[in-house]
Amino acid sequence: MACRSLRSLLRGLFLALSLIVSCQAKPDNVESRRLQDPEYLASRYEDLVELLVGAGISTLDDLTDDQSNSPQFQAAIWMVLDDARQVDFDRPEKVVQRYILATAFYALEGVGFWGNRLNFLSADHECKWYVSGYYFGRDNLQQFGVKCNNVGKVQALHFPSNYLRGQFPMDLAHLTDLEEFNVFNNPYLRSGFPSFFEGMANIKYIGLHYCDLEGTLPTWLGELTSLESLMLSNDLFTGPLPNMTNLVNLTHLYLDDNLLLGDLSVLSGLSNLRHLILEDNQFEGSLDESLVGSWENLEIFDVSGNNLTSSIPESIFTLPKLWVADLNGNLLSGTLPAVSEANTALEILTLGGNNLSGEVPSELGQFISMKQLDLSDNLLTSTIPSSLVNMVDLEFLYINQNPLAPDPIPDFLAEMTNLKELSLKDTARTGSIPHMIGNWGSMVFLDLDNNGLTGNIPASLGILTALQYLFLNRNELSGFVPSSLESLSNLAYFFIDQNNIIGSLDEIICGIDYQDIFVADCGGVAPDVTCYCCNICCSDADTGCNNQIWTSVVNPIWELGFELPGPQNTEGSQSYTISGFFGEPLP
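Numbers -25 to -1, 1 to 562, taken from mature numbering (1 follows the signal peptide of the UniProt record, and there is no 0), label the letters of the sequence shown in order.
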């Protein structure tokens, strides 16, 4: 566009705008009169356009097409007409950064949608376009919005949970000092992986998690060699990962809950990785010893809910800093490694829902810091090794749904007094329920379903006053329910059906305040049990009354700090609300 035609377009545009300005109540001073002069405004806008186009910040079309009302056009109009600071357009260092941030404000629909305007478009210097607030706790005061370094250049942009909409403008690529970009939990964005990051030499933290971003990840992502944290959890990204072997500074990689696929060899050699969270995708291939062993500083590894094959690499048990290893819900096979020198830092090991076979090695007892061990739903045989008693801090133990050798409930479990959850469901347990279970004073969840247990229910069960979930169904238990169960005031789920229990439960359990689902053999013409408060009454003729509805196989969730949300109904009727911790606070 020739300079004369541009000046003509701008003069007409600002003639209309100056009429609007003249109708607004403003002081009658030199500045206000200048803002009503179309020639002055056109000249000022032309200077701004010349600066921005000449510097390659924005295109001429974006800055002059008033019909498209682009974010760039809106930002430029604001700087000429409404910016109370009225910066000098002859000084690019005072113009470009302010313009880019204003463009981002309009592109992400800050007018009318942002939950907090974050002081944007105020008369303050753009480095003061922020508010202070608490992030994940009252002890973590953060700066939301713009954060600048000591020379006044934008170093960080933090917009978590602020109802951003629209798309990220390419103009952001010119914030060359940018190190941190966090838009966590803004699900109304319409975008793929932002293109403006390409070539950003200083970017260290990218937080795009919980934004429903879609598309594939660009190949140039693997060239952002300063990157330390990449947070893409709970988005809609698809396709394989780009090669990331050059991201040697990467410490935190969160890709969970997407639709990503392919193998993990593109992550080989990332020796500084501390957190690698890949759960609930479609990754496949093998976990090679050389691959896992190259992550020598790994602390948290979660690859659950994928399609990985091969055996379990021994390095899972020997990486010196690893404290969480979650491989639940894959297609892993082979035997459990019997390592001679174990990593004593390991606290959470979940291998449930795979095809692991063979015996449970006694060497597992070396993991003396273990708090959670899940071997459920595999093909493990032999016995439960007594060496597990060395796990003195163990709180969660799941061995359920394995074809173990028929055996009584192991005596050594009596010494594991810190247990909160125990599932031996469907493991061919025989004999009676031992009286020593009264030692489990912290027990909240006890699942002995679908075994061959006989004899009476021990009265010592009533000592477990913290108990909320008690599954004794599908055994051969007999006699009366002991009156001591009246003490289980927190009991919410109690399954005792498909046994040989007799008598009335009315005075024993029906006075419990928190009952949610109670199931007994109280159905049919001549029921074995009377229970007016039971939600489900089964009968001997109906073997499918309560058959395999509940499972204690629960995958730990990193958003909850790797805690368990509770037992789960396999038919999906039981749900839980995730709240609280969504990853680490920003650096």
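For the record, the hints were derived by calculation from the structure and aren't laboratory data.
The model shown is predicted, which means the values in this text are computed figures rather than measured ones.
Please note that a few of the clues may not be correct.
[Unchecked claim] Subject to a maximum C-alpha distance of 16 Å in a straight line, what follows is the list of computed EDC-like cross-link-like pairs (lysine to aspartate or glutamate):
| # | residue 1 | residue 2 |
| --- | --- | --- |
| 1 | K122 | E84 |
| 2 | K69 | D40 |
| 3 | K122 | E173 |
| 4 | K346 | E289 |
| 5 | K346 | D382 |
| 6 | K346 | E370 |
| 7 | K69 | E84 |
| 8 | K296 | E274 |
| 9 | K103 | D40 |
| 10 | K128 | D99 |
| 11 | K69 | D22 |
| 12 | K395 | D368 |
| 13 | K69 | D36 |
Against the structure, the hints:
| no. | hint | in the structure |
| --- | --- | --- |
| 1 | K122 <-> E84 | 20 Å, violated |
| 2 | K69 <-> D40 | 24 Å, violated |
| 3 | K122 <-> E173 | 21 Å, violated |
| 4 | K346 <-> E289 | 20 Å, violated |
| 5 | K346 <-> D382 | 24 Å, violated |
| 6 | K346 <-> E370 | 5 Å, holds |
| 7 | K69 <-> E84 | 24 Å, violated |
| 8 | K296 <-> E274 | 5 Å, holds |
| 9 | K103 <-> D40 | 30 Å, violated |
| 10 | K128 <-> D99 | 15 Å, holds |
| 11 | K69 <-> D22 | 14 Å, holds |
| 12 | K395 <-> D368 | 11 Å, holds |
| 13 | K69 <-> D36 | 23 Å, violated |
In terms of the numbered hints stated before, the structure departs from hints 1, 2, 3, 4, 5, 7, 9 and 13, listed from lowest to highest.
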